[in-house]
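Peer 1: Here are the chains, one letter per residue:
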Amino acid sequence: MNSNVNMTNEEYSSYVDTKAKNSPIVKNIIWAFLVGGLICTIGQLITNLFMYLGCSKDDSTMICTISLIFIGAFLTAINVYAKIGQHAGAGSIVPITGFSNSIVAPAIEFKTEGYVLGIGANMFKIAGPVLVYGTTASVIIGFIYWLITMFI
Amino acid sequence: MDMCMELLKVFLTGGIICSIGQILIDKTKLTPARILVIFVTMGVILTFLGIYAPIVEFGKAGATVPISGFGYALGKGVMEAVDEMGFLGIFVGGIKSCAAGIAAAIIFGFLASLFAKPTSK
Amino acid sequence: MKIGKQTIKLENTPKILQTSSIVGPKESQGPLSQYFDTHIDDIFFGEKTFEKAESKFMKTCIDNLLSKVPTSPENIDYIFAGDLLNQCICSGYCIRDLNIPFFGLYGACSTFCESLSLASAFVNAGYANKAIAATSSHFCSAERQFRMPLEHGNQKSPTAQCTVTGSGAAIVVPKDVGTQGPFVTYITPGKIVDLGITDMTNMGAAMMPAAFNTVMTHLQDTGRNANYYDVIATGDLGVLGSEMLVDLLRKEGVDLQGIHADCGALIYDHEKQDTHCGGSGCGCMASVFSGYFYEQLKTKKINKILIVATGALMSPLSVQQGESIPGIAHAIAIENEV
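Protein chains in written order, with the working numbering: chain A, 1 to 152; chain B, 1 to 121; chain C, 1 to 338.
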C-alpha cells in the first residue's frame with residue numbers, strides 16, 4: 001500500500017481542476033456588464049447635469065470623477081460596496097468607484113495601526129500599483145511623443 | 001431621444017469594458033490589483049495609439065469612468081503637456097490631468113477612515 | 001512508544017477531561033450552533049481591534065474550561081496553544097494573564113491536533129498532570145493577514161473557504177482521574193506534503209494530499225481498518241477537499257463513505273451562509289471537536305474517532321514569491337474504551 005497520493009504535481013493539478021466547481025462565468029459576466037454599465041451611465045448623467053448647469057465639458061467630466069469617487073468611498077464606508085462587489089466582480093472593480101473602494105477599504109481597515117503607519121502607509125496598498133504603472137506608462141509615452149514631435 | 005441613445009451607448013461601452021475585466025478574472029485567475037494595472041496601462045497605450053479616443057467619442061462616460069479611462073486621462077494629459085511645455089511636459093502632464101481624481105480618493109479615503117469602523121462582510 | 005513509521009502509541013491513554021468552545025456570530029447561525037458552549041454576537045467582542053477580540057475569544061474559552069473542570073490556573077502544568085496570526089500574538093496575549101507555562105505552536109489550521117498531541121504526550125509521559133490544548137482563529141484578523149481588506153469589494157472563488165471565528169480548548173489529565181473516557185490512544189504526527197498547488201483560494205486542494213498521507217500512514221502503522229472508527233473527522237478540507245480525499249482513498253481501497261466528516265463542511269450551511277467550500281482556520285476543528293464531537297463521545301453516540309487537523313503552511317509572502325502551498329495533517333485517535 002502506498003501512503004502518498006500517487007500523482008505528479010501536474011496530474012494532481014488537473015485532477016483538482018476536474019473536481020473544482022468553476023466560477024459561474026456567464027452569470028458573473030452578466031452581473032459585471034449590468035453593474036459596470038450602470039455605474040458608467042450614472043457618471044454620464046452627472047456629467048450631463050453639470051453641462052446643463054453651464055459647466056464646461058472638461059469641468060463636468062472632472063466633477064463626474066470626483067462625485068463617483070465620493071459615492072464609492074461612501075458606499076465602502078457603510079459596508080455596501082463590498083456586498084455589491086461579491087456579485088458584480090469586475091463590474092464594481094473596474095469603474096473609478098472601484099479605484100475609490102480599493103483606497104478607502106485599506107484606510108478603514110488599518111485605522112487600528114494608527115494614522116501615519118496605519119492609514120497613511122496602507123491607503124495605497126491595492127491602488128498603489130495603478131498609480132505606479134499608470135504614471136510610468138504615461139511618462140514613457142510622453143517621452144516617445146516628445147521624440148516624435150522633436151524629430152518629425 | 002438623443003439623450004436615451006447616448007445613455008445606451010454609455011451603458012454598452014461601460015458594460016463591455018467591465019465584462020472584459022470579468023473574463024480576465026475568471027479565466028486567468030488574475031487578482032483584482034493586476035486587472036486594474038492592466039487596464040490602466042492599456043488605457044495609456046491605446047490612447048497613445050489613437051485607439052481610445054474614438055471609443056471615448058462613442059461611449060463617453062462608458063469609456064472614461066472605467067479605470068482604463070484613467071489611463072486615457074494620463075495619456076491625453078501627457079501628450080497635451082508635451083505640446084505645450086516640451087520636455088518637462090513628460091513629467092507634468094499625466095498626473096496633472098488626474099490630480100482631481102487622486103486628491104479626491106485620498107481625502108475621501110481619509111475621511112471615511114475617520115468615521116467608519118471595519119466590519120465583517 | 002513509537003510504532004510503525006511515525007505513529008506514537010500512548011500506553012497510559014491520557015484522558016480528555018473536559019472541553020470548551022466559543023464561536024462568533026456566523027458560526028452561531030450555522031447548523032452546529034447548539035453544540036457550542038458560548039456564542040458571541042459582536043465580531044469585535046467589545047474590543048478595539050480584531051486581534052484583541054481574537055485573544056479575548058481564546059481567553060473566554062479557557063476561562064470557561066477552567067470553570068467547568070473546575071480548577072484554577074495555578075493547577076495547570078502546561079498550556080499548548082496557537083493561532084494563525086504572525087508570531088502567534090493571539091495566544092501570547094491571551095496566556096500572558098494566565099500565569100501558566102506556555103508552549104506557542106504554529107501549524108496553521110492543523111494546530112489544534114498539534115497542541116492536543118503534545119498535551120497528551122506530556123501527560124502520557126508523566127511530565128504533566130493537567131495540560132491544556134487550545135487554538136483560535138478569527139475571520140477578520142485572518143482575512144486582514146492573508147487576503148484583502150474586508151471592505152474591498154472582490155469576488156470569492158467558488159473553492160474559497162471562510163475562516164471560522166472561534167476557539168476551542170481541551171484539558172488532558174491522566175487516565176485514572178474518574179472512570180469515564182474518552183482517552184487518547186494514538187497520535188500520528190504528519191509529514192509536509194506539497195503537490196504544487198499555488199492557488200490561495202483553494203486550500204482544500206493544497207491540504208488534501210497531507211491528510212491522505214496521514215490517514216494512510218495511521219492505518220498502516222496501527223494495522224487498523226478505516227471502519228474501525230465510527231468517525232474520521234478532517235479539520236478544514238472543505239467540501240471540495242473532502243470529496244477528493246474520499247475519492248482518492250477509495251481508489252487505494254480505503255472506504256470512508258459514511259465514516260468521513262469534515263469540520264469545515266459541517267460548521268456552516270453553505271447555501272444559506274454563502275460560505276462556498278466551508279470553514280477553515282485553527283478555530284474550526286478546535287470548536288467543532290470541543291463542541292460537537294466531544295459531546296458525541298461523552299454521550300456514546302460515537303465511541304472511536306480519528307481527528308485529522310489539516311494545515312496549509314504558507315504565508316502571503318511565500319505565495320507572492322511564487323512558492324506552492326505545503327500541506328500538513330496530524331491525526332489523533334480518541335476512544336471511549338481502552
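Because the hints were derived from the structure by calculation, they are not lab data. Just so it is clear, the structure is predicted and the values come from calculations on it, not from any experiment. Heads up, a few of these hints could be off.
[What the hints assert, rightly or not] In silico DSSO-like links for lysine-lysine, alpha-carbon gap of 27 Å or less:
no.	chain 1	residue 1	chain 2	residue 2
1	A	K21	B	K117
2	C	K156	A	K19
3	C	K175	C	K9
4	C	K9	C	K301
5	A	K125	C	K2
6	B	K27	A	K111
7	C	K9	B	K117
8	A	K83	C	K68
9	C	K272	B	K29
10	A	K19	B	K96
11	C	K9	C	K191
12	A	K111	C	K304
13	A	K19	C	K251
14	C	K191	C	K68
15	B	K96	A	K57
16	B	K29	A	K83
17	C	K191	A	K19
18	A	K111	C	K2
19	C	K175	C	K68
20	A	K21	B	K96
21	A	K27	B	K96
22	C	K2	C	K304
23	A	K21	C	K9
24	A	K111	A	K83
25	B	K27	A	K27
26	B	K117	C	K52
27	A	K27	A	K111
28	C	K251	C	K304
29	C	K175	C	K2
30	A	K83	B	K27
31	A	K21	C	K251
32	C	K272	C	K9
33	C	K68	C	K52
[As the list claims (entries may be wrong)] Computed Cβ-Cβ distance ranges for the label pairs, DEER-style:
no.	chain 1	residue 1	chain 2	residue 2	range
34	C	H39	B	K117	17 to 27 Å
35	B	F115	A	K83	11 to 21 Å
36	C	P31	B	A99	50 to 60 Å
37	C	D247	B	K27	21 to 31 Å
38	A	C55	C	G196	50 to 60 Å
Heads up, the beta-carbon is just placed ideally off N, CA and C, and yes, glycines get one too.
Peer 1: Hints first: check each against the structure and report whether it holds.
Peer 2: Here's how the hints hold up against the structure:
1. At most 27 Å may separate the alpha-carbon atoms for a hinted pair to count; K21(A) and K117(B) exceed this at roughly 34 Å.
2. For the hint pairing K156(C) with K19(A), the CA-to-CA distance comes to about 18 Å; that is within 27 Å, so the pair holds.
3. Straight-line distance between C-alpha atoms of K175(C) and K9(C) comes to about 14 Å, which keeps the hinted pair within the 27 Å bound.
4. Distance check on the hinted pair: K9(C) and K301(C) sit about 25 Å apart at the alpha-carbon level, within 27 Å; holds.
5. With a C-alpha separation of about 49 Å, the suggested pairing of K125(A) with K2(C) is violated against the 27 Å cut-off.
6. For the hint pairing K27(B) with K111(A), the CA-to-CA distance comes to about 35 Å; that exceeds 27 Å, so the pair is violated.
7. As the CA atoms of K9(C) and K117(B) are separated by approximately 50 Å, the hinted pair breaks the 27 Å bound.
8. Using a Cα cut-off of 27 Å, the hinted pair K83(A) and K68(C) is violated, with the two alpha carbons roughly 40 Å apart.
9. With a C-alpha separation of about 26 Å, the suggested pair K272(C) and K29(B) falls inside the 27 Å cut-off, and the hint holds.
10. Note on K19(A) and K96(B): the hinted pairing is violated, with a Cα-Cα distance of about 50 Å set against a maximum of 27 Å.
11. Taking the CA atoms of K9(C) and K191(C), the gap is about 17 Å. The hint holds against a cut of 27 Å.
12. Between K111(A) and K304(C) the CA atoms are separated by roughly 48 Å; this puts the pair beyond 27 Å, and the hint is violated.
13. Between K19(A) and K251(C) the CA atoms are separated by roughly 15 Å; this keeps the pair inside 27 Å, and the hint holds.
14. Annotation: proposed proximity of K191(C) to K68(C) is violated, straight-line Cα distance about 35 Å (limit 27 Å).
15. Restraint check for K96(B) and K57(A): the C-alpha separation of about 17 Å stays at or below 27 Å, so the hint holds.
16. At roughly 21 Å between alpha-carbon atoms, K29(B) and K83(A) fall within 27 Å of each other, so this suggested pair holds.
17. Proposed proximity of K191(C) and K19(A) is supported: the alpha carbons are some 25 Å apart, at most 27 Å.
18. With a C-alpha separation of about 50 Å, the suggested pairing of K111(A) with K2(C) is violated against the 27 Å cut-off.
19. Between K175(C) and K68(C), the direct Cα distance comes to roughly 18 Å. Compliance with the 27 Å bound is thereby established for this hinted pair.
20. This hinted pair does not check out: K21(A) and K96(B) have alpha carbons roughly 46 Å apart, beyond 27 Å.
21. With a C-alpha separation of about 39 Å, the suggested pairing of K27(A) with K96(B) is violated against the 27 Å cut-off.
22. For the hint pairing K2(C) with K304(C), the CA-to-CA distance comes to about 21 Å; that is within 27 Å, so the pair holds.
23. A hinted pair counts as satisfied when its Cα atoms are at most 27 Å apart, and K21(A) with K9(C) does not qualify at roughly 40 Å.
24. For the suggested pair K111(A) and K83(A), the alpha carbons sit about 21 Å apart, so the restraint of at most 27 Å is met.
25. This hinted pair checks out: K27(B) and K27(A) have alpha carbons roughly 14 Å apart, not beyond 27 Å.
26. For the given pair, K117(B) sits about 15 Å from K52(C) by alpha-carbon distance, which is consistent with the 27 Å threshold.
27. For the given pair, K27(A) sits about 35 Å from K111(A) by alpha-carbon distance, which is inconsistent with the 27 Å threshold.
28. For the given pair, K251(C) sits about 24 Å from K304(C) by alpha-carbon distance, which is consistent with the 27 Å threshold.
29. For the proposed pair K175(C) and K2(C), the alpha carbon gap of about 20 Å is at most 27 Å, so the pair holds.
30. Distance hint between K83(A) and K27(B) is fulfilled; the C-alpha atoms sit about 22 Å from each other, no more than 27 Å.
31. As the CA atoms of K21(A) and K251(C) are separated by approximately 22 Å, the hinted pair is consistent with the 27 Å bound.
32. Note on K272(C) and K9(C): the hinted pairing is violated, with a Cα-Cα distance of about 42 Å set against a maximum of 27 Å.
33. For the proposed pair K68(C) and K52(C), the alpha carbon gap of about 24 Å is at most 27 Å, so the pair holds.
34. Checked against the hint of 17 to 27 Å, the C-beta distance between H39(C) and K117(B) comes to roughly 22 Å, which is consistent with it.
35. One distance hint, 11 to 21 Å for the beta-carbon pair F115(B) and K83(A), holds here, with the actual separation near 19 Å.
36. Distance hint check for P31(C) and A99(B): the Cβ-Cβ separation is about 53 Å, which falls inside the suggested range of 50 to 60 Å.
37. Taking the beta carbon of each, D247(C) and K27(B) are about 26 Å apart, inside 21 to 31 Å as hinted.
38. For the hinted restraint 50 to 60 Å between C55(A) and G196(C), the CB-CB distance of approximately 57 Å keeps it satisfied.
Hints 1, 5, 6, 7, 8, 10, 12, 14, 18, 20, 21, 23, 27, 32, counting from the list given before, are not met by this structure.
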